[in-house]
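There are 6 protein chains.
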Amino acid sequence: MKNIGILPPLLALDLILRDWLLEDIGRGDRTTQGLLLGKKSVAGEWIAKAPGIIAGLPLAARVFQLLDEQVSFVALASEGESCQPGQVVAQISGALEALLTGERVALNIVMRLSGIASLTYEYAAQLAGLDARLVDTRKTTPGLRVLEKYATQIGGALNHRMGLDDAVMIKDNHIAAAGGIGKAIAQIRSNVPYPLTIEVETETLEQVEEALQHKVDIIMLDNMQLDMMRVAVQTIRDRNSQTKIEASGNITLANIRAVAETGVDYVSTSAPITQAKWLDLSMKIRV
Amino acid sequence: MKNIGILPPLLALDLILRDWLLEDIGRGDRTTQGLLLGKKSVAGEWIAKAPGIIAGLPLAARVFQLLDEQVSFVALASEGESCQPGQVVAQISGALEALLTGERVALNIVMRLSGIASLTYEYAAQLAGLDARLVDTRKTTPGLRVLEKYATQIGGALNHRMGLDDAVMIKDNHIAAAGGIGKAIAQIRSNVPYPLTIEVETETLEQVEEALQHKVDIIMLDNMQLDMMRVAVQTIRDRNSQTKIEASGNITLANIRAVAETGVDYVSTSAPITQAKWLDLSMKIRV
Amino acid sequence: MKNIGILPPLLALDLILRDWLLEDIGRGDRTTQGLLLGKKSVAGEWIAKAPGIIAGLPLAARVFQLLDEQVSFVALASEGESCQPGQVVAQISGALEALLTGERVALNIVMRLSGIASLTYEYAAQLAGLDARLVDTRKTTPGLRVLEKYATQIGGALNHRMGLDDAVMIKDNHIAAAGGIGKAIAQIRSNVPYPLTIEVETETLEQVEEALQHKVDIIMLDNMQLDMMRVAVQTIRDRNSQTKIEASGNITLANIRAVAETGVDYVSTSAPITQAKWLDLSMKIRV
Amino acid sequence: MKNIGILPPLLALDLILRDWLLEDIGRGDRTTQGLLLGKKSVAGEWIAKAPGIIAGLPLAARVFQLLDEQVSFVALASEGESCQPGQVVAQISGALEALLTGERVALNIVMRLSGIASLTYEYAAQLAGLDARLVDTRKTTPGLRVLEKYATQIGGALNHRMGLDDAVMIKDNHIAAAGGIGKAIAQIRSNVPYPLTIEVETETLEQVEEALQHKVDIIMLDNMQLDMMRVAVQTIRDRNSQTKIEASGNITLANIRAVAETGVDYVSTSAPITQAKWLDLSMKIRV
Amino acid sequence: MKNIGILPPLLALDLILRDWLLEDIGRGDRTTQGLLLGKKSVAGEWIAKAPGIIAGLPLAARVFQLLDEQVSFVALASEGESCQPGQVVAQISGALEALLTGERVALNIVMRLSGIASLTYEYAAQLAGLDARLVDTRKTTPGLRVLEKYATQIGGALNHRMGLDDAVMIKDNHIAAAGGIGKAIAQIRSNVPYPLTIEVETETLEQVEEALQHKVDIIMLDNMQLDMMRVAVQTIRDRNSQTKIEASGNITLANIRAVAETGVDYVSTSAPITQAKWLDLSMKIRV
Amino acid sequence: MKNIGILPPLLALDLILRDWLLEDIGRGDRTTQGLLLGKKSVAGEWIAKAPGIIAGLPLAARVFQLLDEQVSFVALASEGESCQPGQVVAQISGALEALLTGERVALNIVMRLSGIASLTYEYAAQLAGLDARLVDTRKTTPGLRVLEKYATQIGGALNHRMGLDDAVMIKDNHIAAAGGIGKAIAQIRSNVPYPLTIEVETETLEQVEEALQHKVDIIMLDNMQLDMMRVAVQTIRDRNSQTKIEASGNITLANIRAVAETGVDYVSTSAPITQAKWLDLSMKIRV
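Residue numbers (this note's numbering), protein chains in the order written: chain A, 1186 to 1472; chain B, 1186 to 1472; chain C, 1186 to 1472; chain D, 1186 to 1472; chain E, 1186 to 1472; chain F, 1186 to 1472.
Incorrect hints may have been included.
The list treats identical chains as one, so a pair stands whether inside a single copy or across any two.
Stated by the list, open to error - Distance condition first, Cα-Cα at most 35 Å in a straight line; then the derived DSBU-like pairs of lysine-lysine:
| # | residue 1 | residue 2 |
| --- | --- | --- |
| 1 | LYS1224 | LYS1234 |
| 2 | LYS1234 | LYS1469 |
| 3 | LYS1356 | LYS1400 |
| 4 | LYS1469 | LYS1400 |
| 5 | LYS1225 | LYS1429 |
| 6 | LYS1187 | LYS1469 |
| 7 | LYS1225 | LYS1368 |
| 8 | LYS1187 | LYS1224 |
Just so you know, the hints here were simulated from the structure itself, not pulled from any lab data.
Next up, chain A with everything else stripped away, as it sits in the complex:
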């Protein structure tokens, strides 16, 4: 099944892409504008230079359109498709100036997102056949939250919360400051939007028990040994069939399947984003 990613509306996206173009262009593309050949029409291809999972081509198309509405950028690879070195993933044509001025920004976006999608895909593949789903975290490059989380979707993950405002995550510091899980939850429940899910981080079985007593929606098992994790999962399942269970902490390609096999619903890790290298692509145009 193909993975689906959700992009923000153009209304929001255009503001970001415009800022990124201006970051590179500054007061003008001296080289390309200096040629005084801006309207010359050319065509070319985007070519993968390494194997991986493609993500972000619709953003590249939009980058060029923001520079010049007449540019045609046709993706030949669909989002989430695996590509091979030398594969043409998109065809582009339009005014020389738009193509050369937008090239670097468009490539930077797609190379970064494809790198993330590719590594996410490797993590997700480890969970093949299991019910557990891979989820990401809030460790994302500042300014790229929604797009990097789009890339993990494309790679096969589900998104965790998108920010500090769309779910409650009670960590050790919150618990300590409030004087216990129960007090923290009571306090928070009285003033957050009522549909918000409440998740609690637990590191011991005692904390799992306390979280169960206060009927949190999601219990995170943080950095637990596999044995303890299995006990925790069993305890939770026995007590409340609707509580979701998330494992987290030091997840690697080597251990993710074992963690998932403890029976948790979700395994969260920042690795697909923080450990990803860019997927190499280049643009070749025929002048």
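With chain A fixed as given, assemble chains B, C, D, E and F onto it according to the hints.
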């Protein structure tokens, strides 16, 4: 000698950091604000969890100050210092809310920049004792150009141009479109700010020759074999003692020293940015 | 128990308040600046002119501080306190220009929010002694979402979702477009952040049944007769003790208690926001 | 005669509407985007659910166009037209996603503005057959000044000044600070743009006299008893045929006609804005 | 008597000054930051290099404070004071980096505004002893409207309207489009804020007559010969003692006094802004 | 040969032009909108009223298009063409409202830029037949840097650096702070982007010598007497054929040719910008 990095003025930086905080906070930090303990004062540390080169702590300090001017964030490691797992790199104290709300954004910045500085340091170390200097490229995460290039400085590189407007870089497409190196340079020289440096990408000795004839300021030897590169360097040195020579293309930790030993002045590579993993750090606070 | 409202961080708030000040000031406060007495120091009071619940005084304080950091604005009534005509709710002192230039914007905010808090309080009071909680909706004045929802908190309501992105609400059109509740939920679950709560609007007992089968987190009983609502509540309680139940549609001061007595957990209505009149306040200063 | 309202240019309006859409959408419309049916084309109607005066439909049309240029939104009721419950006031068709994502923002605007137009209409109707005109004030919801004042125009009022910069209004505090009406006017006249009108608030006949002596353009009779108001009007008419007279203070539907019959030119009140309830409308689409 | 100018509130001003600093600084002040001596404290002076009228020093002070709150900038010349070559007009001290980075922007502002103030002063001086006042126009450098009009105030002019929204100015095209002065005024009066002044441009005595019939507030005599202007003034005075009269069109230093002596109230000209040269100033610091 | 100027990309330009339109329009064009004839179609011309060099017509076209995409604005004079009084330089047609609302902003831009181009042309003409090129400076009106430098290009100048970040310029204060030219250069070279050109200001032959020793790219001869300048040029040419030489300081139309004849490569002066008067143009439309 300690590496120095230049940050943009606070005037510009604050706008970026504010946007990044708002990206994470959205309509409010439900968990922390929900505790209703915002003014409670706490203290803690930032701790390295892996070996590497620290970069970005002044930015972390500013992130917290934007949330609450009363927060104290004291770096114990200076920018560019190597750190070990478990090392306390900064001490922080202030209102609980500011610390927990700003934590993720501040850490994301420093982890990303330190990851870049660390890998840059490895590349730069390969050039020890040689005159050639490591330089970066425009392959940077959109929105983070100035900060990622700050991190390469901290790691030991010099910056290449910061955008499309502070130097001219004539590539194959520009040459083809203009009808030759000479025509491209003449056209560009007639309308760019006169102090701008002109660099030309060359892939053959014929192109090197042509670039020399038109007195470009910098000649890039792109993807040349070492033998050809040595000939090119000799040719350029013989002809013009002031022309700067930059090697580029498929630079790796394995080959960078050999490339540098051809006698070029600069070796440029995007690897320290596009191949960097984040350096792991965490914040521990005592409530 | 006093109601608590959560305001967005100053970082975000200041941007909004600044825009609102500039909307009124335009190119300058011709009258006050024209007096050339800007630095003259004066003092005064904010006085309630009608009975109601006060909300928004911290915002008024910030408005004046944005104009002049030296202004002192001390609230004498706490947020959520009921006030009587003639009651002094705040004392203010500082430069004449800051006080007169900021007066209208500051009053407009507090009058609007206090009007909402006052009407919310009337609705909430109808639920005294019941478990059901009053909640608001997304019918808020454009640009004032977080602040108007702060006011409903102050008046005694819980907030419903803050926007389209912090919870899923499946309405009739979504169901029809997807081809049924089950298909809609399956599709949405596969691509939204996993902690997001899913709520479904139902108008018939068949739809309630279908929602239960797909284990939605919240079932909204929309515009149901009280008899049907009671059956629905019983059905849901019998089937899943954790499903939250929300009643909605044509809620009035006259019928809200009867609706709540059906046993639902939440009663949502836009009335405290869309039907609220401003609470009258004025500023009196002594020159 | 149909009332005419003046909207700001699209250039300015689009910035506001975009912000309002982003306020609601946040990081994405999870429900609608989650259906993955965005391009599905649907059609529907906007229906009035209560009697009133329609205002704001051109803004609703623009909201949808900002999301998707292909949306067709055709107003069936003209601005200022009175509508009945059940009346179809607009037809809409286009992509499902644009319609559902923009629905709430578009409705919120029209419901708020129509509520204002409806109440304004009631006030204006009290002045039927008289020369006096109803005018609004600066008591407007922050951020909505130009649009709420558009709605009062549609309801039958004239606008008073739009901000602190397009007319001078000298109030008691200004007079006291300057040391008298004469000194205040002299000071202000020396440094404001010369075409600006000067209005003075008066509460006594002595102040009216003083204002006349200094040839102000508009005299406001603030909170005067009807008897005193009649004397004031006569005094002003006798002395200067061009001075405009505005009555203000505690205007209600019950007393506005009596106030107007004193012979004043304008009656100003914030009631049509601060006392207005939203006019209920809904969108029905056929999927 | 000293001329007074009104600056916009800091809230608005800071946004403009920040943009102007960033326009010059771009990604960083390579030279000054490159010295790595930013915190070194220095002191210096601002020196006039030509005779003229000083305007804008408070803005210069603010520019430096935006870069570094610790900078001290003390004006020795008050706004509107005439200065001589070599005269020290301000003393400055603070961090080297703030002084050198802000120097150009601060000087550019003061040189431009002082140039305008100086030329305005020459025009205003021609009217010495007459009742007529010099006024400016909307021919201002885009983005500098409020500041350039501040400078004309400082030079001795009154401001005309600040934009298209704070007064009505009916020109020949408006009259032609509406089908006559009367129709234009009737149409406009029905939908503009009621306190707005209405001015009409007239080129013939017939138009003056028509304007008088419709009781416009200001009649502009545009490009009339002095003889005709005298007749127009007399006609207007005879008919309505409150109508203001403005002369405009091809005003020069040579003819402005003769124009004023026709008895008009105001003489408007763009020359002090469009014909002004910058007043030369420089900053000298002692390192 | 026709002069070429490079404009920033539309992406950046539109943001500036929109701000400028909003500065003038404010809350609405009361006069034109008040006529309620916005869609009436009209046509007209732009006419030069004085001799000079035209610059900025493409910007005028864009201003009108931002108000209304249907406006046709056809330049009859190409950028840099000299015009005579009475000459029609552009034809315009479209909706009355767009034409009248945009008129002032569009004219202000073109009048300012044409004034600069015209005076630049006079300076450039003095260098006819010489190798030396005229260059501008950073003395530009805040907010108009790229456009005013576009105008100097159109008038026949080359641009100097565009801001503080695209070239290094070491002035006396930098030298003094660093402790000498050599130390300043060493420090700066270690942390600026490597392609940046380094220019040093010199006032004596000793400083010229020192600059040569440190191989700066450009030596500025600042305020030197012609005799000394000739010696400096000879010294530099003898020592390094690639060093560029720029003369600066008190350049006038009277002395610029003599300065250029000393053999320098560039003569820089702010006069074409700071001493320029606006070129008078007007718009005539037929209603």
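Check your understanding: Hint numbers the structure violates, sorted upward?
Key -> none
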